[in-house]
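**Q** The chain contents come next:
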Amino acid sequence: MKNNKDPILSLHNITKSFGSVVANDSIYFDLYPQEIQVLLGENGAGKSTLMKILYGMYQADQGEILINQQKVVIQDPNDALRLGIGMVHQHFMLVPVMTVTENLMLGDEKTKGNAFGKLSKLDRETVRQEIIALGNKYGLQVNPDAVVEDLSVGEAQRVEILKVLYKGADILILDEPTAVLTPQETSELFEIMRSLIKQGKSIIFITHKLKEVLAVADRIAVLRNGKVVGHTTPAESSIEELALLMVGREVLLTATKGQSHPGKVVLNIKDLSIKSKSEVMVVKNFSLQLRAGEIYGIAGVQGNGQSELIEAITGLMQPHSGHIIILNKDVTHSSPRQITLVGTAHVPEDRQKHGLVLGFSVATNLVLQTYYLPPFSNGWVIYPEKVEENADEKIDEFDIRTPSRDALVSNLSGGNQQKVIIARELSRPINLLIINQPTRGLDVGSIEYIHKRIIEARDKGVAVLLVSAELDEILSLSDRIGVMYAGELVAEMDAKGANREQLGLYMTGSKKEKMLKENINQ
Amino acid sequence: SPAVQTKQPTAVDQPVTQEAPQGCAYKIGFVSDVGKINDQSFNQASWTGVEEGAKALGLAKDCISFIETTDSADYETNIRSFVEEGYNIIITSGFAMGQITRKIATENPDVYFIGVDQQQVDENFAPAPLANVTGLNFHEDIGGFLAGATAGLMTKSNVVGGVFGCQFIPAVARYEVGYYNGVKFVNPNAKVIDIYHPGSIDVCFGDATFGSETAQALISEGADVVYGAGGLTANGAMITSCNQGALVIGTDMDVFLTLPEVKDCIITSALKDIVTGVSDLIVAVSKGTFPGGDTFGPSMLAPYHNLDAQVPAEVKAKLEDIAKKLASGEIDPCVPFEGSNPNTFCVPVNP
Amino acid sequence: MAIFTALLVSSIAILLSGASPIKAFSALAVGAFGTRDNLIETVVKATPLIIAGLGVALAFRGGLFNIGVEGQLFIGSIVAVLVGTNFDLPKIINVPLVMLAGALAGALLAAFSGYLKAWHGAHEVITTIMMNYIVLRIITWAIGANGPLRKPLSIVPETRSLFESARLPLLISDTRLHMGIVIALALAAGVYFLLFRTVLGVEIRIVGKNLHAAKYVGINVKRNIVLTMALSGGLAGLAGAIQVMGIPPYNFTTGFNVGYGFDSLAVAVLGSIHPVGVVFSALLFGAMDAGARLMQLRAKVPIDIITLLQGLILMFVAANQIIRSLYHLPAPSKEDSVNLTQSWGGE
Amino acid sequence: MTSILLVSLMSLAIIKAAPLIYGALCGLMSERSGVVNIGIEGMMLTGAFMAFMGSALFSKWTGGVFNPNVSLVVGLLVGIISAALVAGLHAILSIHYKIDQVISGTVINLLAVGLTNYVANAYIDPTHLSGVGVFPVWKIPLLSKIPILGPIFFEHQPMIYLMFALVLFLQYAIFNTPWGLRLRSVGEYPQAADSVGINVIKTRYLNVILGGALAGLGGAIMVLESVGRFQKLMTSGRGFIALAVMIFGRWSPIGAFGAAILFGFSEALGVRLQFGDINHLYALVVVAALAVILTSIVWGINRLRNRSTKGKSPFLIGGIFTLGLTILYLANQVEFPKVSVPIEFLGLLPYVLTIIVLTGLVKRAVGPAAVGKPYEKQ
Ligand SMILES: Nc1ncnc2c1ncn2[C@@H]1O[C@H](COP(=O)(O)OP(=O)(O)OP(=O)(O)O)[C@@H](O)[C@H]1O
Ligand SMILES: Nc1ncnc2c1ncn2[C@@H]1O[C@H](COP(=O)(O)OP(=O)(O)OP(=O)(O)O)[C@@H](O)[C@H]1O
Ligand SMILES: [Mg+2]
Ligand SMILES: [Mg+2]
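Residue numbers (this note's numbering), protein chains in the order written: chain A, 1 to 522; chain B, 1001 to 1351; chain C, 2001 to 2347; chain D, 3001 to 3378.
No lab work stands behind these hints, which were simulated from the structure alone.
A portion of the hints provided could be inaccurate.
Claimed, not checked - Quick list of simulated restraints, FRET-style, between CB atoms:
hint : chain 1 : residue 1 : chain 2 : residue 2 : range
1    : A       : 329       : D       : 3356      : 42 to 50 Å
2    : C       : 2119      : D       : 3169      : 33 to 41 Å
3    : C       : 2222      : D       : 3081      : 44 to 52 Å
4    : C       : 2170      : B       : 1128      : 25 to 33 Å
5    : D       : 3319      : C       : 2222      : 24 to 32 Å
6    : A       : 149       : D       : 3335      : 49 to 57 Å
7    : A       : 403       : D       : 3202      : 29 to 37 Å
As the list claims (entries may be wrong) - In silico lysine to aspartate or glutamate, EDC-like type, Cα no more than 16 Å apart, as pairs:
hint : chain 1 : residue 1 : chain 2 : residue 2
8    : A       : 121       : A       : 109
9    : A       : 257       : A       : 448
10   : D       : 3202      : A       : 448
11   : C       : 2300      : B       : 1051
12   : C       : 2023      : B       : 1062
We put the CB at the ideal spot given by N, CA and C, even for glycine.
Construct the complete structure from the given sequences, taking the supplied hints into account.
**A** Okay, structure coming up:
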């Protein structure tokens, strides 16, 4: 929006380094009232760091912060909140075992009377009401009594934003809120952001998704290696330019792939049904035939049974009924290891929780699926030198950015951690690749790379089952697309024929229709 | 790495190694049983005996030393280190060290050994005296019997209790049997409640809290006399009983002197006069009258001290009489009789 | 450096009691290293601590807090006695047999706690603590007045002595230096190899570091937990067996081994739960236990000062920052720190 | 008969449970804030020791011009404060120096044992320093008249009432006050707490130290309400039992209370059975029956509490419950053979029962998520 007002917030010459890493390098940054400014940059560019400085979680090595031209000191989040700065963090900052209400109260709790100070009784009821009221005002409905760990990521995200508003912030920092959101949730979020702007708030918005940038940004600032390398606006730039600006080189934004040549059926799922731990049927007689050399993308709003489906296929969860057959071998009740051994690779949704052992070296993580097999071991004894050779190979083959093979994987950036997993899963003889949210939170550079790898695998004749909340990812990678809604496969189509709108309708359940598999398979 | 560093001091030390107490006519060493020298029970008694004996011989403070055993695996090394340091009278307390004491004694005929609670028997438990080892033993069953008789005569509620240490320690078991039978002997229809600490050696003598809580239970059951035999566990019991208005009877040492908390409710103590026993034997060494073999210390009751007035004359008389009969063997606490301790069984102590 | 500081601090305590620290610590040192026999005593004392310490460390690596080493060690001893006093086979068979029996006993006891955790979610800290008491009391009964293991006729609570054929050979004749230390060092090497060079070891460490990843990789977590506990308890049991097999009078009596369980916990953490570290810290503890005799005897300093000393050393070694700031030393290169409290709270 | 028995057992159970409960509350405070505490034993021991020194020396120096209770109160305060100081050390080591919390707990235990024994050896031979008795029993006027419940709950010494009060208060405070909310958030997800301006470090220090004070009470009660003087190692493992009790009680004060009572009760029973006037078999069967009934009740409660449909089916619960009752009934019908169980085995009751109950009815105990992990701001 055109405005000649003064900036509500300016950062002057902010510099911050962690040991040798210079995360922020003399950064200048202005935010104007009622604007949405997007902060863009590849993984590790320094976006979160800058925002954490603004929010008082880190202290800048040098530089100053001005709010309405007034120089301010922000020692800790309390100061930030007092100055009307609120932040939604890249990683959820909600206590899982507590209710929404408790999470919102936390920090400045309302109490019934104040006779006993911090020991007075919490006034949950009032806060409940306030939450509901606030929710209605901004269109952010959540159940105040829900326990956070039971919420979907979308809901949790809403709670995070509510929390910031509840604390009365005028400047909202949203650090990659859409990384975990589905297209629907994302567009809802954008609605909310716009209404917030109308009501006088200003927003700093961090994302890696260039489409989104153009969709919501008023202005765009691009960071690279801790420096601001450019300012622009959606009007005067394009996705390609943004990518170039970010990464510093040309980037292929849509994966290019040749015709697929489906071979024999690798994965054959027959009316599979799965009960969740709380005895709810989360997948209902799901059937699917996946052939060698094709990529099958499962689209769907999160929480419609995709995760359970994957867990069942990979043996992490026992299905209720139905059959899973991999290469004519019934693995319905096999252990994860048996399933791995028939040539299944699995790139899990939560890379830090399931995919890696953060306390182990990169080298060890690279053999996490094969350490017990030759050449790394004879079944009993590990051959460390083999492990280390393998590490060195993979590290430069998949250009994993790590200080050394013995470095702890926890020290790697998100993108590189994902690369470790990809390298591990793709660099062994496999027939089936199950890959869940492969590029969540990664920058365009890493995305391009990982997509390339997936397609290579498919061209080598691997059957790929791709689950992603990213419609673009589904559309650009898949040969066939299935849509899951409420635990059912509501639609299946050839990728060529597919388009966003149509998929969107299926995903929200507003359209239901089964196509006969035969049409596609012949 | 650690090990290298600990070597530091060794360098400093060589001169000191030779250093040893000068001008000691005798060097007396004491090895405690697993436990502490001031457990206010038999370890402490033995150590006090050593100090008394040293005084009697006019030895300097650093002519005597002790080692507290923390693990029964160390008995041998602990005793030997005294031998190596040239100590010539070594006291080991506790039955557990009996055999190893004898072994080391045979190897070192010129060192005198005093074994408290150690009967001089060979592997087959046949008496086998050695010239340079004297076992200082006691008839705990007799002491217990006297304590029991006192309790039986003094109780008004006709309910008396006893709190004991480890059942598996022979001395303790003998005290318990004697106590029970003593009560029944003088007062057949009195109720006797004896409680042992159920724990293992590391706690059963040292758990004052258990003793205290048990005493509360006994008293809420109506007991008005409580007997304590078993180190700190017993102390806990006696103090609490005292606080709750019951009379108490102590064990081993004259508890009136060692535990002031109970001075106004302790009737007497079943003395097991280790102190005199040990110091006498030490003196005997200097006199050249060291007996060797088994000796038996006297088993008697301590003075009534503050409660002297409360104890009726006829009670005192009766106790005198029983004491005589016990001494003469007319009464044997270990022989079952009508209403006696259901498991009357004294690990043999040959007279 | 840490140890030096600990010595300094504890000398204050000694001074307060009127004794001379120099005298005390020189006596301590002589008692630990001064003569051949003292040196041997240090080694003998360290032997069970090494083995049991390895057990604790192994469990920690697997994310389990085995605080039941005391009980496992005791049951190891008692079962070793049970076998060693009833079977009189040729030494070459009997010694391994008895050791195996002890290890097995400890392993089963610990495995039970492991099972309770894996299948019933019973926290191993509770169950192992409870097991300690249960085992100790049953043993107390077994050697008590009319217990089954009581040495016939004996007037004292003790078991019979092991048959000659079940006793560990001496390394140096007519000393107390038995073969246990060799076994202990071999085990240390073995545990290192197991943890860092074998498939099982990697799996134990994965489970220890990240349960979810372990499941994802296809490790049978429940089985792994039981196995880890069994190994840990097996080592503890073996430590107990070796005590009765190596130390005259080769039997079990009251007051035997009391406290080794908790010492080995200290040893394990002092050795930063690494086999190499464990060996050294066990030797250190052994030295202090052995030296304590002369310290009491010569300097008249009560043995409790040793416990104090051990606490201080552990503190200064662990919080090496304190030391560094005291002596202005440079910070060392940060290596992968092992989190002992892995299994404690919410996974 | 049985009611008298029950009363004496229960009140003894409460007395035996009290130190464990204080200890468990200590562990709970520090672990709720994210700091593992296996140093409870050491803190209790220190509390006991200093409580004795405080009271004894005070009355010695003031020459007994004050009423003994004054000295006892002084001792109590000294005990509390010094245990809190020890906890302070634990806090410094594990929060500031970030050394592993299990290690610093072990350090605490070693130091406490070493120091108290050492000083006790050197300075407190009973003939030189004698205790000043214990707190008197306070009968609560009306309440103590209530049949059964009265004598069980309202005829105790003051520190027992204090314990009741603290359990109820902390149960309320941890789950219903800002302080509690912050405490839990810091133990569950410190980053989140930090992100809303809660000072994680300060919160942890505060609660670890408060916990220490509670452990101090646990140690002091042994001196000031039962034994009347300090005896070496008088905690004899209660700190570790308290640890178990805390976990058993799933990190909640009420839970810890229940667990400790169960423990104290079975220990009391073990002692009571030595009286020899109850048939041992009968007693054991009754206990088993009670355990079963308890199980079903707890299941029932969990069932009602549950948000979702999780939990055992009502029929099962009902079945178990009636089963328990029938056993109880039958036990009173049949004549048991007279056997006397060795005392060591009677002593096993609390430990065995704990394991059974633990595996039987307590749901997988999961502590605060961030417990044991030092907090790194950056
Ligand atoms: N607490 C920390 N300690 C050490 N290094 C850090 C820390 N936080 C960030 N860094 C480093 O600073 C750099 C910037 O990190 P930052 O998280 O700001 O990047 P980002 O732009 O947010 O990346 P992403 O898009 O993945 O979120 C990275 O190299 C990161 O490794
Ligand atoms: N002497 C030591 N004392 C304490 N900890 C040690 C010692 N040596 C190594 N460690 C730690 O113990 C762990 C294992 O040591 P080591 O490096 O030998 O095996 P690793 O390299 O971790 O295993 P792998 O060879 O499978 O990678 C490492 O985390 C290391 O930091
Ligand atoms: Mg970021
Ligand atoms: Mg290595």
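**Q** So which of those numbered hints doesn't the model satisfy?
**A** Going through the list in order, the structure violates hint 10 alone and respects the others.
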